[in-house]
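Sequence order for the protein chains is H, S, C, R and Y. First residue of the first sequence: 73, per the working numbering; consecutive thereafter. First residue of the second sequence: 73, per the working numbering; consecutive thereafter. First residue of the third sequence: 73, per the working numbering; consecutive thereafter. First residue of the fourth sequence: 73, per the working numbering; consecutive thereafter. First residue of the fifth sequence: 73, per the working numbering; consecutive thereafter.
Hints may contain errors.
Since copy identity is lost for identical chains, a pair holds within one copy or between any two.
Derived SDA-like pairs (lysine to any residue); straight-line CA-CA distance at most 20 Å [claimed, not checked]: (1) Lys422 <-> Asn359; (2) Lys229 <-> Glu271; (3) Lys422 <-> Asn362; (4) Lys268 <-> Asn290; (5) Lys268 <-> Ser287; (6) Lys422 <-> Thr105; (7) Lys422 <-> Gly276; (8) Lys422 <-> Ile371; (9) Lys268 <-> Ser347.
Because the hints were derived from the structure by calculation, they are not lab data.
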Amino acid sequence: MTSSFTGLGGKQGLSPGTLVSSPGREQNETRITLLRWREDEFSILGVDDPASPAQDGGDYTVRWMRIRGFSDLSVVNTVGGLFGIHPLQLEDAVNRHDRPKAELDEESVFVTLSSIFPGTGGPPVHGHLALFLKPGILISFEEGDTPLFDSVVERMKRGGSRLRRYGPDYLFYALMDAVVDGYFATLEDMADRIEKLEEDVVEGDGSGLLERIHSMRNEMLLFRRSVWPMRELVGNLTRTGDSAFSSVTLPYIRDLYDHAVQVVETSETLREMLSAMLDTYLSSTSNRMNEVMKVLTIIATIFMPLTFIAGIYGMNFEHMPELGKAWAYPAVLGSMVLIGFGMGFWFRKKGWL
Amino acid sequence: MTSSFTGLGGKQGLSPGTLVSSPGREQNETRITLLRWREDEFSILGVDDPASPAQDGGDYTVRWMRIRGFSDLSVVNTVGGLFGIHPLQLEDAVNRHDRPKAELDEESVFVTLSSIFPGTGGPPVHGHLALFLKPGILISFEEGDTPLFDSVVERMKRGGSRLRRYGPDYLFYALMDAVVDGYFATLEDMADRIEKLEEDVVEGDGSGLLERIHSMRNEMLLFRRSVWPMRELVGNLTRTGDSAFSSVTLPYIRDLYDHAVQVVETSETLREMLSAMLDTYLSSTSNRMNEVMKVLTIIATIFMPLTFIAGIYGMNFEHMPELGKAWAYPAVLGSMVLIGFGMGFWFRKKGWL
Amino acid sequence: MTSSFTGLGGKQGLSPGTLVSSPGREQNETRITLLRWREDEFSILGVDDPASPAQDGGDYTVRWMRIRGFSDLSVVNTVGGLFGIHPLQLEDAVNRHDRPKAELDEESVFVTLSSIFPGTGGPPVHGHLALFLKPGILISFEEGDTPLFDSVVERMKRGGSRLRRYGPDYLFYALMDAVVDGYFATLEDMADRIEKLEEDVVEGDGSGLLERIHSMRNEMLLFRRSVWPMRELVGNLTRTGDSAFSSVTLPYIRDLYDHAVQVVETSETLREMLSAMLDTYLSSTSNRMNEVMKVLTIIATIFMPLTFIAGIYGMNFEHMPELGKAWAYPAVLGSMVLIGFGMGFWFRKKGWL
Amino acid sequence: MTSSFTGLGGKQGLSPGTLVSSPGREQNETRITLLRWREDEFSILGVDDPASPAQDGGDYTVRWMRIRGFSDLSVVNTVGGLFGIHPLQLEDAVNRHDRPKAELDEESVFVTLSSIFPGTGGPPVHGHLALFLKPGILISFEEGDTPLFDSVVERMKRGGSRLRRYGPDYLFYALMDAVVDGYFATLEDMADRIEKLEEDVVEGDGSGLLERIHSMRNEMLLFRRSVWPMRELVGNLTRTGDSAFSSVTLPYIRDLYDHAVQVVETSETLREMLSAMLDTYLSSTSNRMNEVMKVLTIIATIFMPLTFIAGIYGMNFEHMPELGKAWAYPAVLGSMVLIGFGMGFWFRKKGWL
Amino acid sequence: MTSSFTGLGGKQGLSPGTLVSSPGREQNETRITLLRWREDEFSILGVDDPASPAQDGGDYTVRWMRIRGFSDLSVVNTVGGLFGIHPLQLEDAVNRHDRPKAELDEESVFVTLSSIFPGTGGPPVHGHLALFLKPGILISFEEGDTPLFDSVVERMKRGGSRLRRYGPDYLFYALMDAVVDGYFATLEDMADRIEKLEEDVVEGDGSGLLERIHSMRNEMLLFRRSVWPMRELVGNLTRTGDSAFSSVTLPYIRDLYDHAVQVVETSETLREMLSAMLDTYLSSTSNRMNEVMKVLTIIATIFMPLTFIAGIYGMNFEHMPELGKAWAYPAVLGSMVLIGFGMGFWFRKKGWL
């Protein structure tokens, strides 16, 4: 849990802008791929020396450099220097603990965000991403292999896609959209699990409910923490005056904003449902305790007086005239039955039975 | 529940602006109707080929094209192209999961919202709607048959109505107003059921109270989620400078805004009453448990000492001088009665009886 | 309760601006009175034909037309037409469910609000009011007879009052002030009843506490719902540039604003006290249960072992050597006393006694 | 309590600006003192006729007129007329229920606020104050004798103090600062008592804890209600353009603002600690109940089976072969011991012992 | 605790701007060190007479005067006078209770803040700091020895560091960054301890859980109280137009702002986790009580009827025909076994076993 919360593990005392790999987490090997295309051509290149592709031809509409895995920070440094990325932005790009944020100037956009997708049956998987958009090129820093971007690459491969025709700002949008799609998928998965949990709670089904509610709440907290700043972040993107986004792309960015707001609001609603569920769980626990107590009370209230009567006639006094009567035993038994049924009727009248 | 919460079911990986029908929900067949009128004439036409009506005569004050059911998305696409609706807006129009929103430019207004009306005895029915207003024409996208609009059509059929005299912006208002009326009807229905629930809670009447409170809270959450953005949405409409709404219609839009605010505030109040009711329910559960415990305690506290005394004289020691005395048995019985009444008085003094 | 929450009872499907009387509520008969005065003269006239007074003389400083009871909506309509009140405002004036609001233009002010005064020993009485201020005349729509305005009429009758000297804007202020005074009186009454309730809770006095707290909370919710919009409403009045209020009246309006803020804040404080009281009530319930359990536990823990010992010597084995000893019986009794006192000491040490 | 919450006790129906003394509260006798000084001179005069001092010499740097006690409202009225204080401000000055507020114009500042200082061992003492600052003179209205201002008078008496050199705006600051110091002292006192309470809660020490927490929360609510508006009030003072405060005094006013913010935030923190304490109290109550239940359960679970066994061999059947065996009694006793210890081990394994 | 909350311990009645040492806290001895450097030179001097270094040479890029410990307030006063620090700022610098704040003018920045670092296994250690930045010099007031700044000094000693090249504004940033790093370390430590606590809660491990949660919440409250104003404080620094920070340093200040926001949000998340944990703790307590009650109920429900049966045949009536039958004893034993198992099955069916 620690590593999910704190920002500078082991970095204290270092000069700011110094790249360090996140501790306590095996690093994915650094791989660089260059995707480039124009309307009629598309190619994917593996890149060994990041210094080369920058020079490499200007007649492509879009170039997308993917940097995956941060084990080799010198490569990251080289790329940063090559494209004029500020050291502090580079630091944010590889530091998985940083909060999502956007920085815009006249011609470049820098964004860090969390990629989240549903884990298989368990808590969602959080990753770290950074996108740097400059005229003609988009550089993405991905902590690991994000399956979210596969669909974008697929669409790109098909001719005739908007991705082929529009500039890198549309690619930027497409990647952001893929990330937000991941949020929706995560919410859907969480909603499914909450629904399942809810059924179990209402049916009172079982042990471990409390632990499941508790870990669900923590998942929700972490999700909200990653997603909450997105509203402001994308909102900032829509407010850029005349800069990085073309007028063709801007409506898409606005649509993205609507989706970001929807993600935040849906997560709020889920959170409130979760909290309503906890209330219900507590109430049903309390109801069940009530039922247990009633059973105990009914049994005790019926048998204690009866046992007391039996106790009386078990006393060994010599002068207990009833003991000698032939009708005494059946009479006592009968009155015991009467008392028992009387108690029963009383409980029924009180609504306990 | 899932389908109520998540936004892009099955759409991940598709190009944005691609129309897909909402999954897990049978689609209503697509029907198109064209309503058109001037002060002295009114007609309703079924439309088979959506491409035709656009050309069809310009001498009507208002034309209203109703598209109901989204099973045939190609029709939706055709209409969108015909009237210059942005693909992203078309997507929002048919995507039932999208959050209510308004988009305005100089001469058109695009609005998506939820129609809600009370279910018969059960949770309210949520639907999806979109309205697109352009000079001279209003296009409505309705997920299913919304009974809410029947009254508008009725008023239109009658001559002399404002609907006949004013432009499509007034029709736009009338439809929005019908939707908000649906919210009020839903609130009224919810308030009735909450009142019924409240009576049952105060009377402690019965099983299933917890489930009813719980599902009421979830209904309320879903209602609020749909209605909450309406305040901002209609607020935006009132703030349009000189554009889509004529000065005659603008006061009505402002009135609509007041109603939207009232819907939101009333739902807040209902929500707080619901939460107060849960508190009361929990307290009364706890009170009832208290009562159960008191009964148990009183019974046990009276009979345990008595049974113990009976147990003493049931012991088989040979040298128990009391056993031979003739007065001993009545004396023991008498002291038992005394102890019992003593306990009773003590409980009465403590306020337990 | 329903009628307190929903806004358009039975109006769905009607054209907006259509006046309907609020359903489920007997209407007060419509009566119209005209009060008019200048510094040296004051008269009250009953009005049968609302169309006449408008023409009636312009040499009065102030005219105040009171319309009480909305049973005859045609009269309301006539008055509205006579003074140029917008149909939507007329609708708000007679619709008791509408939210308090203020509408201002250059020379007129329209305000709807709730009049609230303390019920005798029960929940406060909510009413509906509307005020329409134009140069030279103020028109008030009152759902019933509001005793709140009696004092204003009294002050008016006395010569030398500011009401006589200033214009209708000061009368407008005086009426608003009377309404706000009603809020204060209601708060005072509620505070008294909350204080009484609090004493009963702390003393644990009695049955029905939960119901009283619950209905108090609902009263508070309804009060806040009516009063909350007043802050914004009166705030809007203070912000009017150069329009409806003269510079003499403006400081009074600002004072009114301070009082509105005070009403809202005081109701917040009362609400928090109420919620603190509920906590205390729940805690004291829980404490009392604790006490009950302790009594039960002490009794059971003392008598169960003793009864067990008595049970042992009540067994009928032939070879129980102790039974024949003369000292056995007193010895067993003695050890029982020891065990009993031992348990007592143990409980005292644990702090249970 | 009533008198702490409601604003216009008995004033309903009176003309606004009419001075009435607060009901239900004996009024302090009205006394007027005039303090005046320049760098080298300082004098305190008792004033009988408030009309005289105004004329009285213009060559003092600062004059401070203290009006203490509001029993004689005609005096207050005279002073108000003399210095041109608005009747509504005068009303606020003597009405102890009014909310703290500040009114500024080009050359005067009017402020009402609450003075609070710690009661000796009990709840804090709330008072009412008003300050009216004009060029050359400051007029203070004090409900009673506020010990808070004694230190200011002391500092004034000493030569060389800033109070001697600067104008009445600095005196204004000094008085406000004294009031805020009173808030800090109150917070300190409350913090001490909360700390004491906390120790008692953690140690589970005793009866009356609930009442103490409850009244502490109410004290806190009243404190916050008085102090909360101070942030905005002093904030308004700092924002005055070029007016009432000289550039020498302005930094002090800003410092005052920081202190006001600190008071509000500290009271928030204390409130949250109080609420955390209530949670802890409830939990510990619940824990204690749990412990009680465990004791009961252990005792019952051990002795019920044993008593049952004893009961079996206490039956009077003629054919119970075990009864005649010599080893039966010790065997039964032995097995009872075994069962007892077995239960004990089971509870230990479950962690109950 | 008191001293953590209140602001002016013992200062009431003193003239503002009067320096007093914080009471109830032994003061660290005042030590002054002067660090000065240019790109190629670096020296640390102990300073005895604070009046001397100000004159001392202007050819250093940066001079940093560290004042540690406030026991000798006259020294602080001297330094303040020397560099033209406002008396109120000096007071804030040494008053450990003051709220973090920033004051900026054209060429100087004054900041007070809390230094927090994790205590060893216990609550975090709070300290007080003030930084005063002027062209060419930075003056730091440290309540005690803050280990946080050691790393800055280390980096400074190494040649080639940005600290050597940039001006005192960068040093200012570096110190602020060190303080924020301390917050992160504290959060990390708290997160670790919360995680540990969470494990113990889920495992139900033990006594003292409640106290630990409680003190953790109080720690969190104090942490948030110190850290909360940082967001606004650093936000103000970033908004300075053209003033104290050079364009080289400004991006670093913005990065600092991001970190401050992250600290605040992370502490919010931790706080919510803590509160979720309390809920879980309470629920699990309640669950455990439920389990205890079930055991009690099962035992009582099984043995009470059996004991009653044994009691019946222990009665001493002369005419109890069953007693003479040879099969009676085994039959009774058998039916007891049947009843016992029957109860067992019933509980299993109810899900209690």
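Tested hints:
{"no.": "1", "hint": "Lys422 <-> Asn359", "result": "both (17 Å within a copy, 14 Å between copies)"}
{"no.": "2", "hint": "Lys229 <-> Glu271", "result": "neither (44 Å within a copy, 49 Å between copies)"}
{"no.": "3", "hint": "Lys422 <-> Asn362", "result": "both (14 Å within a copy, 14 Å between copies)"}
{"no.": "4", "hint": "Lys268 <-> Asn290", "result": "both (17 Å within a copy, 15 Å between copies)"}
{"no.": "5", "hint": "Lys268 <-> Ser287", "result": "both (14 Å within a copy, 15 Å between copies)"}
{"no.": "6", "hint": "Lys422 <-> Thr105", "result": "neither (76 Å within a copy, 59 Å between copies)"}
{"no.": "7", "hint": "Lys422 <-> Gly276", "result": "between (25 Å within a copy, 12 Å between copies)"}
{"no.": "8", "hint": "Lys422 <-> Ile371", "result": "both (15 Å within a copy, 16 Å between copies)"}
{"no.": "9", "hint": "Lys268 <-> Ser347", "result": "within (15 Å within a copy, 24 Å between copies)"}
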